[in-house]
Every structure is written in structure tokens, then in C-alpha cells.
Amino acid sequence: MEISINIFCLLLFLLTLQFCMTQNVVHAKVHVRVVNQLGNGQSMILHCRSRDDDLGNVVLEDGKEMEWSFSVNFLGTTLFYCDVRWGLSSSTSSNWYSFDAYDEGRDYARCRSECRWRVSNERSLYGYDQRCERWVLFPLTRK
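Going left to right, the sequence shown walks through residues 1 to 143 as our numbering numbers them.
No lab work stands behind these hints: they were computed from the structure.
Take the hints with a grain of salt, since some may be wrong.
To be verified - Restraint-style ranges between C-beta atoms, simulated for each label pair:
no., residue 1, residue 2, range
1, HIS47, VAL136, 21 to 29 Å
2, GLY56, ALA109, 28 to 36 Å
3, THR77, HIS47, 33 to 41 Å
4, GLY41, SER113, 28 to 36 Å
5, ILE7, SER120, 56 to 64 Å
6, SER98, ILE7, 47 to 55 Å
7, ASP83, ARG131, 21 to 29 Å
8, THR77, ILE3, 27 to 35 Å
Idealized CB from N, CA, C, for every residue including glycine.
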């Protein structure tokens, strides 16, 4: 009797997993885009990574963007975070700032298929909310 219950539970789990995969729940693709909108011809360095992937340092000229895509994990813990720095040509020292480019707990509903970010002057970061179709101010944390 115990073996048949175990087999039933295993079959139920496999059927549930198959359903989730066919519904694009398990391997949902997310696209992230970060745009340099500092203005005045300012470049910025962007370094984004997750626990599994490091996208390296990328220099973004004013008005240029970086984008990448990935599949979210089954556990709902996908996290991509970025460090950004600008003011590279000024005489003052530039600082690194950080933000979460994709945190599944926060962003699953906010940006289901595409997370768009704008880094603007005065240390401002704006993320696009697909639910209400508007740009929202997010904090940039000094490292």
C-alpha cells in the first residue's frame, strides 16, 4: 500500500511539473534593459550579475543601452543585480551605486516579460511598471 501511495505522489508531481512547463511557468523568459540617460555626453560603467552569470563591465555611452535575457528559476528566487558608476571624466571621484535589476519577489508582476531601467542625472533610477504603464523612481544605493 505504501509503495502505491509513493508512486501516486510521484506521478502527481510529474504531471504538475509537466503542466507548469507547458504553461511557461517554470522557464519564463525575462528581458532586462538598462539605458544611460545621464545626458551631457556622460558615459557610465555598468556591471550586472546573478549568482550564476556575470555579464562583466560594460561602458555605456550617453543614450546607449545594455540588454540581456534569462529564464527565471523554479523556486522564484531569481536575482540579477547591477553596479553602476559615472562621472569618469570629472575631477571629482566617482562612486559606485547598486540596484537590483531583477528580483523575482518584487518584479514578477511589475515587469513580467521586460524590465526596463533608466539611469538619469542626479543619481536617479527609474523602472518601468508594466501593470500601471508608468515609470517609477527606485533607490540607487551607494556602495
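Taking the hints in turn, this is what the structure says about them:
Our hint of 21 to 29 Å for HIS47 and VAL136 holds, since their Cβ atoms are close to 23 Å apart. Judged by the Cβ atoms, the range 28 to 36 Å given for GLY56 and ALA109 holds: they are separated by roughly 30 Å. Under the hint 33 to 41 Å, the C-beta atoms of THR77 and HIS47, about 21 Å apart, miss the expected range. Checking the proposed 28 to 36 Å range against GLY41 and SER113 shows it holds: the Cβ atoms sit about 32 Å from each other.
Between ILE7 and SER120 the beta carbon distance is about 58 Å. The supplied range of 56 to 64 Å therefore holds. About 48 Å separates the C-beta atoms of SER98 and ILE7, a value consistent with the hinted range of 47 to 55 Å. For ASP83 paired with ARG131, a C-beta distance near 27 Å keeps the hint of 21 to 29 Å intact. At roughly 34 Å, the beta carbons of THR77 and ILE3 sit within the given window of 27 to 35 Å.
When the structure is compared with the earlier hints, a violation turns up for hint 3 alone.
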